[in-house]
Amino acid sequence: MEVLTSLYRSPQTRSGLILLTVVIIVALAAPLLAPFSPVDVDPTARLLPPLSRVATSSTHSGASAPHAESALHLLGTDSVGRDVLSRLIYGSRLSLTVGFLAVLISAVFGSLVGCLSGYWGGWVEALSAWLIDVQLSFPFLLLAIFLLGALGGGTLAVVFVLALGTWVNYARIVRAQVLSIKNQGYVEAAHATGAGTLRVLLVHILPNTLSPICVVASFSMALAILTEAGLSFLGVGLDPSTPSWGTMLNDGRDYLLTAWWIATMPGIAIGLTVLGVTLFGEGLRELLDPRGVR
Amino acid sequence: MMRRRWKKSELSSPRRFTLVLLLLGTAALQVSCGSKPSSAIVIASVSDVSSLDPHLLDSNHPTGSVIWSIFDSLVRRGPDGADLPRLATSWERIDDLTWRFHLRHGVKFQDGSPFTAADVKFSFDRMNKPPFSAVQQLWAQTTLKEVRTVDDGTIELLTARPSVTMLYWLEEAFIAPKGYYSSHDAAYLNTHPVGSGPYKLVEWTPGDHLTLTANRDYFGAAAALKDVVFKVVPDVSARLNGLATGDIDLALELSPDTIGQAKTAHSRPEEVLGLRKVHFGISQNSKLAALRDPRVRRALNYAIDVPTMIKTLMHGSTVPLTSVVNPPNADPTLTPYGYHPDRARQLLAEAGYGQGFDLDIDFSPFWGQDKDTCETVAGYLNAVGIRTKLHADEWNDFRRKLSDQSFDGLFFAGWAALINPSVELVIFTCKQEDNASGYCDPKYDDLVHRASTEYDVGKRKALTDAAQKMVWNDAYWIFLWRASLYAGLSDRIDYQLRPDDYVEIYLAKPRS
Amino acid sequence: MYSFAIGKLLRAATVLLGVSFLTFIIGHASGDPVLLMVRGDATAQQKADLRHSLGLDRPVLTQYASYVGNALHGDLGISYRQRIAVGQLIRLRLPNSLELAGAAFTAAIFLGFALGILAALNRDRAVDHAVAGLSILGQVVPGFWLGLMLVLLFAVHWQILPVSGSGGLAHLVLPAATLALPTLGRMARLVRAGMLDVLSSDYIRTARAKGLTERQVLLGHAVKNALLPLVTQAGLEFGDMVGSAFIIETVFAWPGLGRMTVNAVLQRDFLVVQGCVLVTAAGFVVINLTVDLLYAWIDPRVRGR
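If you're matching them up, the sequences are chains E, D and X in order. Whatever position you read off the first sequence (first residue = 1), add 17 for our numbering. Whatever position you read off the second sequence (first residue = 1), add 10 for our numbering. Whatever position you read off the third sequence (first residue = 1), add 5 for our numbering.
Hints listed in this document are in silico derivations from the structure and should not be mistaken for laboratory results. Bear in mind that the values here come from a model prediction, so they are computed numbers and not experimental data. Don't take every hint at face value.
[Unchecked claim] Here are the computed lysine-lysine pairs in the DSS-like style, where the Cα-Cα straight-line distance is at most 30 Å:
1. D:441 <-> X:52
2. D:453 <-> D:471
3. D:139 <-> D:479
4. D:188 <-> X:13
5. X:52 <-> D:297
6. D:453 <-> D:399
7. D:139 <-> X:52
8. D:155 <-> X:52
9. X:52 <-> E:199
10. D:411 <-> X:52
11. X:13 <-> D:453
12. D:210 <-> D:118
[Unchecked claim] Reference listing, derived: stretches of chain X covered by chain E, where coverage requires no fewer than 3 residues with Cβ under 8 Å from a Cβ of chain E:
13. 165-179
14. 247-260
Where is the CB? At the ideal position from N, CA and C, for every residue including glycine.
Take these sequences, add in the hints, and give me the full structure.
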């Protein structure tokens, strides 16, 4: 509880939290907020700039388009006439889910491996270090293309691939921290007082590793979303029918000069989300840092 | 005390900056790429040439364009499909199974050796051996069985069956000098081509660029553009920017949405109505029985508003397909299906699919607006009750499904940028390797086989028309449009684009 | 230290072997390169003949064994797509990639350090916020957008830099800048955080006003501790940079290994993929070795394992 109040006190963390909450609310309330369907195409309304108005009769494609006399595309339309704002809103769901799950899985798995290999050392450390080196030396894209092909694509496969790309970051940093901490005597002291392995891990090691983990996690979120865009770039990303910020970013690549809003809007959305996560992460780090009374 | 320490490290920042500059400077001293002579004409494309061996020609551009410049074939394919003399000055068909070609005199290869019938025989025989035989279709498609040298200036081709497509396939059979190509190994020949064509290779940096220079001793009109560079610039914005700054003279493979940007102070856009047929194949091997019902296939065609798509996505730069065969050989009685969603729903109900069905649509995003086309088509199909699911396949996967004929629904493709009905119709014959939809009808096969052995023009037309009617009326494809060509030209050159993607840069001229 | 280094070297060799074997297996399991070498209407027999002439119908382990054998003699095979020796292709592209990655990495590390220290010293003032903003922007802005904007400004509008391609310092500036920015941002923030750690521990110590020697020892200790994650991150950054170089290479038509590798993967040009993976893996291994040795030098306790 005190953690939360001190979180709220820092203006940095507060803004981060607010941003994050906004994005999460948007994601949850997407059907209520989106003015159009995110998937209904309308080739007669393509590449419209923001604040364009279109006359709507019952269009051939959209049963969910509002039966108004005219409708406003606040952020314009994309290259097949879909409303950018609605895609942005619905896209938050997919991007947040994919990004968050990927970061969660990679953080948990990576930290676990890093923690255990740093703590136990011996063959555990040697083997995981070797595996890490092998994976790091392996071009991620090759792995991504093969895995996505083998798993048949889809959201879960992309999450798995993204997690695979970043778990190593956590493992290495956590291992380094664990080694440092271990040798600073806290652990030996704890053992001397009779604490078991698990207790040592949870009470002494984990809190000290949380700060670098959080920092890395906030970096990873943006990386996950941008990597997703990169995979779409290659043609192996998420199912093109469902909107995601990464896909939108990639769709807008050829239109940066003529229809800049298609790529810029998801770019801003990603930016704000990352900002929120980063501010929150930074605040969390400052709070949890055991050496810091700043 | 501590403060002084930190001030010291602050002062070391300028030192760091100088270090950076020094490192950048040393990096700059490596000039890694040869610079083009400033007068060279630069052609920018998405991909690189795959090989400079004339018998490994596997794509129209850029490999085809470069091979067509360095080598000659016996017959040249005109932009309208006409058969024009190149290394052969004239030809006649002696009987149903024998063709005789009279070869041009006084032609020299770029290594000085004279061109004779022996080189033709050598080249054609080489095309029949692996690995070339997997890429060259001359022998398989024309049922060629022997190349006979009558004398130094005359050659005869004997086929097992009459072949109406002989000239078409000869236009892609390039002549290499026997001496040179027998005395070097494959790897060397791959990168050191010697032909008789209007351009010579200067150098090839794979993946980056290829430089040609005009062959002053060419038998025909010497190329007007002395130095030409084919550059690999994958990003369309980079090609357009190069056009704007004058770095690129011919920016190819633009798109309807981006071609407007080719209009700058010293460049202009060029559009040509193309020959590549953009369509959706309808897999006959699918688990979905609906796709084997011609009423369903016709419904799929009626459900899509092709004219609107052409007007909006394609900016009106093309026309709807009217047949599986390109004009002028298209059956004039066939008309596009048009946009009739009610008729589509009616047909679906008639066929028993009033509740719709789930349909997979596979595509491999290559050109910028492929995805737009597929998503729009999916939207139209959704509107008549079909529940579509789009799959963006990686290119190798897509190729595999094409080859295995294992698509589960629709697949998006652009195909056959050529003018020759027998070649165009063969894709639906039962045993044809690239019959990706798995279509098979013995009556159709019969029509096509008879047409490909029928020398009489009138009879052949009747047969190809009948075959086209079958394809059209039974809607083997979802027929969209012809893929036009979108390019930007700088003010330095004049060049008329071909509708079949080949770039005959030896026909380009400096713009006065 | 010596036996430590030897141990690491041996391990590096096993990593390389592991990577190469894994790549080989994955490559062969993922598709058939012959499909992309033939026309659509090639018959099954033609494809089989081609496969045989390339040795692709032998069992995978046999192919791998002969590959390793040849590689040890310097023969990395040929590209199926372009039938050019893989070694030659790599020799053409590697210097370009090194040039780009080297310039970008150096700029990112040095500028990142400079900016990070600057931000830490001016904590919570305008400079600090500016650096924070720049670094977040750098990590969020997609490479292709930044690249295109820079080209539009410097190459098309002002015409002081070239649009694309390689060949001299002028061609290097824009792609290196685009590639460096995300790393620069991350490093700046890490350096700032580490520097703040050091500064704060410093203040605690001065508050106690103990003897000079202890201060110096603790300061040295704190700085070394702060450096560890930075060194780790720098190593990872280089890896990320190489990985994202592909997009930069596409946008700027830079003839590097990244684009060649991705194209080879998409075309299932196995031996090119093998060769490129081997080269980049060797690079990572070298970086890791450097990182590990730096660790050991910074923190001698790490050595004793």
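Hint-by-hint comparison with the structure:
| no. | hint | result |
| --- | --- | --- |
| 1 | D:441 <-> X:52 | holds, 16 Å |
| 2 | D:453 <-> D:471 | holds, 17 Å |
| 3 | D:139 <-> D:479 | violated, 38 Å |
| 4 | D:188 <-> X:13 | violated, 56 Å |
| 5 | X:52 <-> D:297 | holds, 27 Å |
| 6 | D:453 <-> D:399 | violated, 34 Å |
| 7 | D:139 <-> X:52 | holds, 12 Å |
| 8 | D:155 <-> X:52 | holds, 21 Å |
| 9 | X:52 <-> E:199 | violated, 60 Å |
| 10 | D:411 <-> X:52 | holds, 15 Å |
| 11 | X:13 <-> D:453 | violated, 71 Å |
| 12 | D:210 <-> D:118 | holds, 13 Å |
| 13 | 165-179 | violated (count 0) |
| 14 | 247-260 | holds (count 4) |
When each numbered hint is compared with the structure, violations occur for hints 3, 4, 6, 9, 11, 13.
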